[in-house]
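Trainee: Protein chains in written order, with the numbering used here: chain A, 14 to 79; chain B, 327 to 1056.
These are calculated hints, taken from the structure and not from any lab test.
Please note: incorrect hints may appear among the correct ones.
Using C-beta positions, here's what the derived DEER-type ranges look like [claimed, not checked]: (1) Arg58(A) with Gly827(B): 40 to 46 Å; (2) Arg62(A) with Ile490(B): 30 to 36 Å; (3) Ser42(A) with Ala354(B): 53 to 59 Å; (4) Arg39(A) with Phe380(B): 36 to 42 Å.
A quick note: this is a predicted structure, and the numbers were derived from the prediction, not measured.
Cβ coordinates follow ideal geometry from the N, Cα and C atoms, glycine included.
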Amino acid sequence: MRRAARGLWWYLTELTGELTGDNAYRRYSERARREDPAAAVMTRREFERERADARAARPNGGGRCC
Amino acid sequence: MLQQVRIKTVVIWTTVALVSAVAWSVLALSRGEEVSAAWMVAAALGSYAVAYRFYSKFIAYRALKVDRTRATPAERLNDGVDYHPTDRRVLLGHHFASISGAGPLVGPVLAAQMGYLPGTIWIIAGVIFAGAVQDMVVMFFSARRNGKSLGSMIRDEIGPVGGIAALVAVFAILIILLGVLALVVLNALAESPWGTFSTAMTMPVAVFMGLYLRYLRPGKVAEVTVIGVALLLFSIVAGRWVAESGWADFFTLSPQALVGWLVAYGFIASVLPVWLLMSPRDYLSTFLKIGTIGLLFVGVLIANPTLKMEAVTDFASRGDGPVFAGSLFPFVFITIACGALSGFHALVASGTTPKMLQKEPQVRPIGYGGMLMESSVAVLAIIAACVLDPGLYFSMNAPVSVIGDTVQSASDTISSWGYVITPEALQAAADSVEEGSLLSKTGGAPTFAMGVAVIFADFLGGQSAMAFWYHFAIMFEVLFILTTIDSGTRIGRFMLQEVAGKANPKFRDHSWKPGVWLASGVVAGLWGYFLWVGVNDPLGGIRSLFPVFGISNQLLAAIALTICTTLMIKSGRLKYAWVTGVPLAWITVVTLVASWQKVFSADPNIGFFAQRSLYRDAINAGESIGGQTEDQMRTVVTNATVNGLISAVFAVLVIIIIVDAGRVCLKAVRRPDEVVDLEAPHEPSRIIAPDSILATREERAELEAAGLPSTGGVPGEYGPTPKPEEGEGR
């Protein structure tokens, strides 16, 4: 039962993370620190701005079906 | 041991197939008696299971030859942002959230006028042989090309002519789609203060969520979604208080006033930053959808409602139905687009999802499986429409021009078709959900909401909860459509800016405000025009426009299947080209026959130009048709001309694309050695992960031996977050 509940919570947080770009920031920051601990890592806000600009440059960013 | 497993498998699958066959027989053979909706669920789920197990496996492993040893774009190009290997179960949810919208809730409701059987057969057979196949094959070929989008695959693989035709078609389809979906919202909210208030409240709620995530507690998405859903449920309850208070007048809007609000909304939402309104509302609606659909499945099984609609009504063969005109072939197949076969999915299945695939064989659970889930939503929608009394169904879906605007006239007309219903019963239905009237609430959303209310009230709250559930379902559907409207307006804006950028490079700059506002204004104005036309159509906007919408959506599917078939042939899979070729042939015939009838039919109920000359002649002769004023008749003439031209242009575009693709295919068959292979070269995959959602015994052993959690990954390397009970966390 607890296993199932924890599995469900894992699923919800992973899915919401994917849907919102939250996982993307975590992946980015962990990766950046792993590759070079001294590197300047963008803050969440800088990262989001960068991503929003990148998305704005592509037509199908976040397209949704009928 | 192996023998035992085999026997067990054979027994299980034979049972599933038998249950599904029995369910189908019950649905098809019952005449005159009421059938339980559970049979429909059984027929659907059984067919999906068999199709997934056998047909999708055949396509994936024989026709496409998915390759476990080949690294996916996510593995090769992993940048942690767009390209990154994602847990297959999470990706399935993500993909489903991106493909699902209001489409499968609307079409099946309208198609129910021909009875429950034709629609159900098309939803299930269509998804198995066409819709799910399209999604999976597009995803596969896109993954083999580093996640290329549908548009660039057409340009690169077919040529510039097909590419431009596809671009124009996609833009035109988008405009029609937005106009028709906005019309659905409008019909659901017009003159309904409760519904309008609850819907209006979703915007402050979404903005609050957006600000919360940005400034208060960044990243706490699950948390803010829970708060958002609670606020939303509260706003539905509050809607009743508002409707009963002095504020009611403020939220009682005429259809014409709502047009202004909706267009203004679409414009503003498409220029606002995504994080403020669009994203938070997007996941709000995603979770509401998954929750509501799950609850509806449970509801159908617990409440076990009976289908009150006939299996096949007379409208199917006569073609004179009040909801939309035309006979079963081809109009059922274009009315139910999403849920059976949807071209729009090809836009998501290419570009976004392929960049996140962990292993190539996972196109099967995610592409094929995701579309089966979408199809089950369409089955629920047709159930919701068919559990209603047919008299009530027709009173809600027939336009004013057919049934008049009083319960007496509606009751008289509908009873004359053989669906007896008293004026008192019609009024009682409206009272039960605390609406003034339910007559001619066309567009499918109110009917779906009514069906949901009947099913939910049966086991959650009883008769007194009807009104709550009705408005819950209305808000749920409106939420979806609004999300489609703002992301659609945004996509249209991007496309326009791209094209305008060829003339003036400044337009390509998305931070150049005049360009953004101009492009958004043009797009919102274009779909706003169709919305306005629909609202003022004397013959009923949904009745006139929905066929055009259906034709355009299926046309996009034809384009997607064309590129699939071309790629099958070009990549040396000629032997299996029928996998996408047969659905392509089918949907092309359906769409072209439908366009042909819409353009050339001599029946003014079906053919736009026949309708145009009928009204033109009447105006010239100074006569009136159906008691309409001259102004109304002039409107009919204009609308018929526009709709007829659009249907013709769509048909021409699809023919251009198919002919152009045919030329490429013929060349590839004649001179296979001259084909330029645009596939990314094979690189060995190091990721170990199961092929499907559930790992097989061998896959589990493989994961265990490599010390990996059920998510999979590269042994000893960084991967996606594992499920908590398995990994050590990070």
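Trainee: Evaluate the given range 53 to 59 Å for the C-beta pair formed by Ser42(A) and Ala354(B).
Mentor: At 57 Å between Cβs, range holds.
Trainee: Measuring from beta carbon to beta carbon, are Arg39(A) and Phe380(B) in 36 to 42 Å?
Mentor: Between Arg39(A) and Phe380(B), where Cβ atoms are some 40 Å apart, the hint holds.
Trainee: Quick check: does the Cβ-Cβ distance between Arg58(A) and Gly827(B) fall within 40 to 46 Å?
Mentor: 28 Å, violated
Trainee: Go ahead and decide if the range 30 to 36 Å is satisfied by the Cβ distance of Arg62(A) to Ile490(B).
Mentor: Given range 30 to 36 Å: holds, Cβ gap about 34 Å.
Taken one by one, the earlier hints fail for this structure only at number 1.
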